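Enquirer: The residues making up each chain are set out below.
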Amino acid sequence: MAISLNVNGETHEVDVDPATPLLYVLRNDLQLNGAKFGCGLGQCGACTVVVDGEAVLSCVTPVSLMEGREITTVEGLGTIEEPGPLQAAFIEQQAAQCGYCIPGMMMTAHALLRKNAQPSDQEIRDALMTNLCRCGTHMRILAAIRRAGELMQQAGAPQTDRRAG
Amino acid sequence: MRVLMRVAAGVLILLLIAAVGFFALAWKGEIEPVAAVDRAQFDQELIEQGARLAAVGNCIACHTVPGQPAFAGGLALPTPFGTIYSTNITPDPETGIGKWSEEAFQRAMREGVDREGNHLYPAFPYDHYTRVTDEDNRALYAFLMTRQPVNSTAPENELPFPYNMRMILAGWKLLFFEEGAYHPDTAQSEEWNRGAYLAEGLGHCGACHSPRNRFGAIDPERHFGGGEAEGWQAYAINTESPAPIPWDQESLAFYLRQGWHEHHGVSRGPMAEVTGNLGLLPDSDIAAIATYVASVMGEPDAERQARAEALLAEVSQSQSPALVDAAPAAAAQPGSAQGDGAAIYAGACAGCHDGSRPQPFGGLPFSLSTAVNAPNPQNIVNVVLYGLPPADGEATSVMPAFGGVLNDEQVADLLAYMRERFSDAPAWENLVELVARTRSGEHKVAIRPSDGIERGPENVGASGGAED
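So the protein lines, in turn, are chains A and B. Residue 18 in this note's numbering sits at position 18 of the first sequence, and the numbers go up by one each step. Position in the second sequence counted from 1, then plus 165, gives you this note's numbering.
These are calculated hints, taken from the structure and not from any lab test. From a predicted model like this one, the values you see are computed outputs, not experimental measurements. Note that CB positions come from ideal geometry on N, CA and C, so glycine has one too. This list has only true hints and no planted wrong ones.
Derived CB-CB ranges, DEER-like: (1) A:Ser120 - B:Ala352: 54 to 62 Å; (2) A:Glu54 - B:Thr244: 30 to 38 Å; (3) B:Arg379 - A:Gly99: 53 to 61 Å; (4) A:Ser120 - B:Glu393: 30 to 38 Å; (5) A:Gly136 - B:Thr351: 54 to 62 Å; (6) A:Glu54 - B:Phe526: 23 to 31 Å; (7) B:Glu585 - A:Glu54: 26 to 34 Å; (8) B:Glu268 - A:Cys135: 52 to 60 Å; (9) B:Glu268 - A:Lys115: 50 to 58 Å; (10) A:Cys98 - B:Pro325: 55 to 63 Å; (11) A:Glu54 - B:Ala346: 46 to 54 Å; (12) B:Thr244 - A:Glu67: 38 to 46 Å.
Just chain A, same shape as in the assembly (with noise of 0.2 Å):
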């Protein structure tokens, strides 16, 4: 099956089942390799992206679906040389150990702060309450979002989602 997906802003034409998860399609066919599997059930959050502003987990989620919809995921947040503020918050608050959690901890992040830059820890526990860290950076990460939340606020207008990965 034909689908055309818009990524980060761009359009990709990929010829897959459509019954193939999204996470493989990024990975696999895109080279995106930022979001990652985890648990492949929808568990663990690892394969978190953002579909048309909500986090979504990618594992789960039949590429089918995608057609017309606009995806966001971690590599659109920013560059290496440019990273967003939620990047460059985790950076600045050291918020990664083995790092394989933390693309699908800044997607749900971002869903949230897209609908409320200034989070309670309450509302961010909640928003992330699917999202699992085996390290144990919970705290970072916390402080992290936070961080994000002001760095989008001094930035004074809320982050695109269309730089290309």
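Dock chain B against the given chain A, drawing on the hints supplied.
Expert: Structure of chain B alone, referenced to chain A:
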């Protein structure tokens, strides 16, 4: 003319007598307030017994706003007649039941009347609580009066005329309320009677699991015949149970104890609070409730039993640890509803629900699912849109919400496919409309974790309008 006058006068007098009689019945006096109740006056053992009984009664679920202090009231209870707000049952003297004597508490449980003599709305299930013994009420009183007092006043009920007139409740009681303690059935075992006492009294299972008439009263003809609670279907738990694998005493006891069963899946919606609360009960009480409910459900007939055995054999065969075979139906043509539903199922659901991981962390095979086999698809719509939120700080089952990914038509396609593939029951109708009403919040759904309402955020998983 004179005859007519006489008849009219006679009618008038009869009406007057009826009115006086009704007023005498309806009028309930105030019970004198008591000064601050001293915690030390309650025996610790009595308080602990009260805690277990409060868990059976699930008091906390209605008398707590999620995330707020326990028993402080204020939770909105939508009813067909308007919105009723639960009251503060902490011992705060100003806003709670701090001035209530034990006598006032006993009367409220038995007659549905507050300390000042106002009739209570049957959203407070005194039609069940009237069965509770004086001893158990004493323990409940001791438990509640030793909670932390919280100063908090519930919002005013939003009930239109005439439902805002509490006096009409006297009429309701006259028609539908049967006051009085539980009478043991001597033909049954002690365990059965214990279970019946708990289930029909404090446990008030039938408050959700029985259909109600247009006056909001439980239809006695259809005891345990299935009802509704907080936007969820409470399945029939009598002979009409839609469970593909018939329940028995053992599976019920396991489910009530653990909150899941390998042939039935995990408890969710308001039932998750119920099974979470029952954790405080001794095994003997859980077993008693299961014995009673299993006897109401009855033995399945040979045909149903044979079908259940065939289903279980089929499921155990397909649950090999080998790679999940999600493809058979996905081969259907995309573009047709069935094709779309099959592709969504294969990509989104099969990984867990056709997998080899056992319950409660794996998904239930849908051929065993009551939700997929039930006459009304509301529960499966709720779970697809909002998922199952995890409990805090413990290993629990969790299902992601798919409301952000699937639009209304896609949810409907998926469910139509699942119904066709996993159930012999007729197709559901008006699925798209039902999904849209659930998503918009027009049909309100409570989405909560299983580990205690006061720790649950108000709106786990539900988007925007799902709560008000």
